[in-house]
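Asker: If you're matching them up, the sequences are chains A and B in order.
Each residue of the first sequence is one higher than the one before, starting from 278 at the first, in our numbering.
Each residue of the second sequence is one higher than the one before, starting from 16 at the first, in our numbering.
It should be emphasised that the hints constitute simulated quantities derived from the structure, not laboratory data.
Among the clues, some could well be false.
[What the hints assert, rightly or not] Only some residues are given here: those of chain B computed to face chain A with a beta carbon under 8 Å:
#1 Leu-153
#2 Ala-237
#3 Met-238
What you are looking at is a predicted structure, and each value in this text was computed from that prediction instead of being measured.
C-beta atoms are modelled at their ideal positions from N, C-alpha and C, and glycine is treated no differently.
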Amino acid sequence: MADKALGLAMVSASVVIFTYYTLWVIVLHFVDPSLQVHEFFPDRVWAIAIPAVLLVLGVAFVVAFIAVTMIRSSASKKKQS
Amino acid sequence: MGPNKYSVIMPTYNERENLPLIIWLLQDTFTQHNIDFEILIVDDSSPDGTLDVARKLQQLYGEDAIRIHSRPGKLGLGSAYMDGLERVSGTHIILMDADLSHHPKFIPQFIAAQAASGCDVVTGTRYRGGGGVSGWDLRRKLTSRGANFLASELLRPGVSDLTGSFRLYRKEVLQDVMRHVKSKGYVFQMEVIVRCKCLGYTVAEVPITFVDRIYGVSKLGAMEIVSYLKGLLWLFFNT
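Required output: the full structure, derived from the provided sequences and hints.
Answerer: Here it is, written out as structure tokens:
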């Protein structure tokens, strides 16, 4: 049951993020700049910066994981022989 | 009973405890549904005496129902299937795990699906229509889903569960596909399905429940993940 709850939380979070991001990048562009709505969203630069940083960190993590695993694996093979 | 005969090829390695149960479940399912069958146990010289258990089961159920092929050592799943294919007399082949993670009760559903659609392969899926997994924690489930998602995106196989190993094939289809398959391990199951698609065979899916390891412990280490990724990349460039 805890799994279902966690799964639901993950899906909800992704819906929220998707909606917010869509509003931010697409909808807000067509909204009158003087309206108060714009205060809920940071400067549009961050709409590119944040995903870019996350992507770099993500790729770095994957590469580091593969590298560390392969190094540990060949180190233990050397110990065995 | 129709003209079809279903041969189960079951590679075993250290399945002494599970073998009597799985064999009983299989023959019970087949007899209840009036299905002509045989089970070929391919044992790779298991040190725990699986072969002795197999021989006793053969005495119990008869040599028509249980056949045995003993091999001198751990020679791999792919070669077990190939050796098995040479020794069976059925029109259809069922491949499944011997460790009770696949329940034979789904086999009549596989057979019905194949008969209804006339397809070449039926594969059990954990990710569609009521299929699922029992005994995995959230981390393992996420890993499996992630792996399948990645494989689906890269390979576009047309099935929802690429790494599953509970399948029914028409015999000629499996023989043809096995001639083209080169990989081992997790990747092997994926390559078989991808090759089926490449060679133009039709695949149907039936939801199944996968039960993880009633006896013994199943683990997924970092090295297996990396091997999987390497295998996936190989498949991407070679199929």
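Asker: Against each hint, give a clear statement of whether it holds in the structure.
Answerer: Verification of the hints:
{"no.": "1", "hint": "Leu-153", "verdict": "holds (5 Å)"}
{"no.": "2", "hint": "Ala-237", "verdict": "holds (4 Å)"}
{"no.": "3", "hint": "Met-238", "verdict": "holds (5 Å)"}
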